[in-house]
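**Q** Here are the chains, one letter per residue:
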Amino acid sequence: MANGVVQAAGLSVPRRRRSGRRLARHKSTIAFLMALPLIALIAALVIYPALYSLHLATLNKSMERFVGLGNFAFLFKRELFWMVIKQTVIFALSAVIFKALIGFVVAHFVHNIPAKGQRKWRGMLLVPWVIPPAMSTLAWFWLFDPSYSAFNWVLTRVGLDAVPWLGEPLWARFSVILVNVWYGAPFFLIMYLAALKSVPEQLYEAAAIDGANWWQKIWYITLPMMRNIIAITVLFSLIVTFANFDIVRILTNGGPIDQTHVFATWAFQLGIEGGDLPLGACVSLFMFPILGVAAYFILRDINRRGTEA
Amino acid sequence: MSASLRKERRAALAWSYVFLVLFAVIFLTPPLYMFITSLKTSAEISSAKLPWWVFHPTLDNYSALLTSPAYLTFFRNSAVVCVAVVAITMAISIPAAFSLSRMRFWGSGALATGVFLTYLIPETLLFIPLFKIFAFVQDWTGIELMNHWWILIVIFPTLTVPFCTWIMIGYFASIPKELDEAALIDGAGYLQVLTRIFLPVALPGVIAATIFAFTVSWADFLYPMAFATSIDQMVLPAGIVSTLIKGDVFNWGQIMTAALLGAAPPLVIYAFLMDYYIAGLTAGATKG
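The listed protein sequences derive, respectively, from chains U and R. Just so you know, we're using my numbering here: the first sequence kicks off at 1 and counts up by one. Just so you know, we're using my numbering here: the second sequence kicks off at 1 and counts up by one.
Since the hints were made in silico from the structure, they are not lab data. Beta carbons: idealized from backbone N, C-alpha and C, even for Gly.
These stretches of chain U come out as covered by chain R in the derived footprint (C-beta under 8 Å, 3 or more residues):
| # | region |
| --- | --- |
| 1 | 31 to 41 |
| 2 | 245 to 258 |
| 3 | 265 to 275 |
| 4 | 278 to 287 |
| 5 | 290 to 296 |
Below, in silico cross-link-like pairs of lysine-lysine (DSSO-like), each with a Cα-Cα straight-line distance of 30 Å or less:
| # | chain 1 | residue 1 | chain 2 | residue 2 |
| --- | --- | --- | --- | --- |
| 6 | U | Lys86 | U | Lys61 |
| 7 | R | Lys7 | U | Lys217 |
| 8 | U | Lys116 | R | Lys7 |
| 9 | U | Lys197 | R | Lys7 |
| 10 | U | Lys197 | R | Lys177 |
| 11 | U | Lys61 | U | Lys77 |
| 12 | R | Lys7 | U | Lys120 |
Looking at chain R on its own, in the form it has when it is part of the complex (with noise of 0.2 Å):
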């Protein structure tokens, strides 16, 4: 490599670090500025000092909020929902996933392609229907859906179930034939191929589209918004932003705790899985 090239690489790299410290600085301010005000107290953020600093760091709003029935509440109603909407999605995806991949019945094709489309259908042409649609159930059973937690569990996998299945797809569709063939010539059923086989095997992209519907039910805002709205009912995003939020009272340091601790699950599975937060997020668009 000749000296001159080589000295522009370097300037190539020196520059590409200058503007990746300026992103990220971009790119991380909000949630730093979310840390700093969680650790002040009313009196320092109404004296607006210095607001890029805490002189006075307490730990008090995460005590007031680790100690608050209601937004224990939205924490619990969250965890559960996640819970239940990520055991759901798999119990729903993983055998339509191994029927569409390996198995193939009439119009299977089709159905995995509408799969992909449905996953493109946004929630905001959906809510209206189904409030109506709702309203529709309890005239006619007696159930009341709307306004309860557990409704969530029933409506987020539509967000999670198309595109969970659709990415394994994907990763079945990776396993060699042979494998699966070998097994049911020797006498194993489809569930033992299923189990035994095709889970072990494509593990990693299983537990890309569980990271994948346990942080899109975490994070839903529109369907919470429209359909569990009393108190008890919330979940943790629009619990926070409906009773929080007060417009006299002055509390956003323990908004901007609320916030931060609501965003802990999915920070916290994403600092140990990155792999599979990524892997899941390229996924759709690759395999395609």
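Same shape as in the complex, but just chain U (with noise of 0.2 Å):
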């Protein structure tokens, strides 16, 4: 429909040739009106239902009654509530540290041999990210099988004991830890990768010349000329860590015994299969600091750029 407006208009505007500055106003509103559907689609399904959630928060049980900050009282005075922020945190964190680590040490394997070859390494090497989360993570429950664990088939073999994958709290965490770095550390390298194309080749000549050892280069010139995407790929690495669902879900359900339950999964539980939506739009709420801490960095960024212009 919009389209049909802009067609009519853009076409009529040289051969009437209007003045200036009706002209100008003329081609912002036709500018607004191709931006209305991206507008309204923000305003009405990701706006609203977000501020819709604090509402929701501050609802009881049969979403009748107000009663305040009442549902954060009550999380509060609940252990598992305060397990889950742990879990989250130390989820989110440490996978994340491992994805970036994983990431930069093998892009700079690949970065290092012949150009032909890199095409076909990077191709392999993305796979895990390529593949639907939700199916990927079927393999590996289907690898941490208690009594059918191929991990396991090999461990007993070496001579070592089967291990617990998803049975024991730790285990298990560790487990869902290990699936989300086997499924982000891609990204990273591809993104580090990309990165490490654009530095210069004359500066490692220079500091090979002034003598700087592989470890100086890292530090003094790789790292330097990487900070902004390492900011950003961590950035984003970090919100959606911390919003983590399929995998959590998939392999443990929050279990053993809620140990490994992240916000989302929690939130799943609480609000869509415990029909309770106030409390669960509560947990979900807790998301906010962490975007509200990205939002910061990358407002920051954009106007520092937009000033340097």
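Mind assembling these two chains? They're in different frames, but the hints should get you there.
**A** Structure below.
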């Protein structure tokens, strides 16, 4: 519909030779109309629900009565709530750190080999990121199976004990992080590889002439040159990992004894399966602090670029 | 180059290959194991002789799934949803990106930033309020939104549109201004400028955005789990997870086959359009 308007109006502009000011106003109207579907979508299905969840969080379970911060008070008294906060933070931070480190290291290996072989390796190494996580997590679930685990088969052959991958809280926490790192490290790898390509080779040559060793080259050239990409990738990944649902839901569904729940899976269990939407909304609202931090850094970055330009 | 330096280089190269092989093995083990298991009969799986090898390969799992009405329904739902979401995403993102990168209006700068920020709002925050909002809509209008596969066509664009708009703003901004100014002076309308100049020049960006929109809506798991829950309304990931895993029945061969077939469309797109796929992945951060 908007396109029809644009077409009719757009074609008529040069023919009628409007005055400059009217033309400008006309142009901005068309521009606004072209962006209108985007604005409507974001307003109706992102901004409105996000604000509505603030209101929803202050209602009682049947959503008939305003209870203020009652839901939060209830959550704060539950030990499980603090456990979920702790687990989400541990899960997200350790997963992101390992994804970033592994991505960085592997990106260097790919960057080291001759350029014509790089495409092939890059193609293979990105596969975990391409498979929908719900599907690949099923493969991990099967690899972790208590009685038929293919990993345990290998471990027992080399004389080690079988590992209760998903059966014991500590191992289950390790396993969900492991799968998340496996899924997310290729993303870091690709981003870092793109960044490595943009570092001018002359810098390394100059450093080599000055007698810098590999560690100094990384510390004084690579890392500073890649700072922006590292920052934005870590930020993205932090948000996505804090919000993770599929991996934990499929592998453990929060168990054993709720020890691996993160915000998303617990909110799903309370809100959708347990029928207490306000309480679920409360839990997912705890995503806001991390989002706020991210928004702050991104806005600062955009402003800084704006003033530089 | 001195001899010792060359030797050092060669050692570094050798070590790089050693570690690349190691990481490739780790990264590819789960999909390979999916494939191995998908070729086994239940009897061979439960005998647990050597899980990493297939002694009696069979395609029974594949034929069983490809003739199973439930699985084909999941697949069809997924395909229809994804194609529709891609179409809607492009219909919204392309004009919006054109408008935000070239035409400008009051508040357009702030909107461009806002688009990027909405991309960061995760579905984890939105699924519960959306659940309640859909119930509202049903009370008011009588339209039942919940538990229909097509509801995903309505909500998936929230996952795809912000990012696609963002990367296309980047691509459009890289087109020289003189090109469209010349066309405008020659009497072309904005729509002509968009379709005749911008789309052909920014085609790689449009393809990258299309791939992104398709793979994201194909893979999403949380919204389908919350909003399309009866068996004939499910899409692939949610369908496989909630119908095939039955605990007592030993059908891991079939589960792995289902997961592998479900992962096939994104993998095939990736195999053929790898460069576009990677361009879309890295564009968000490097163009920002």
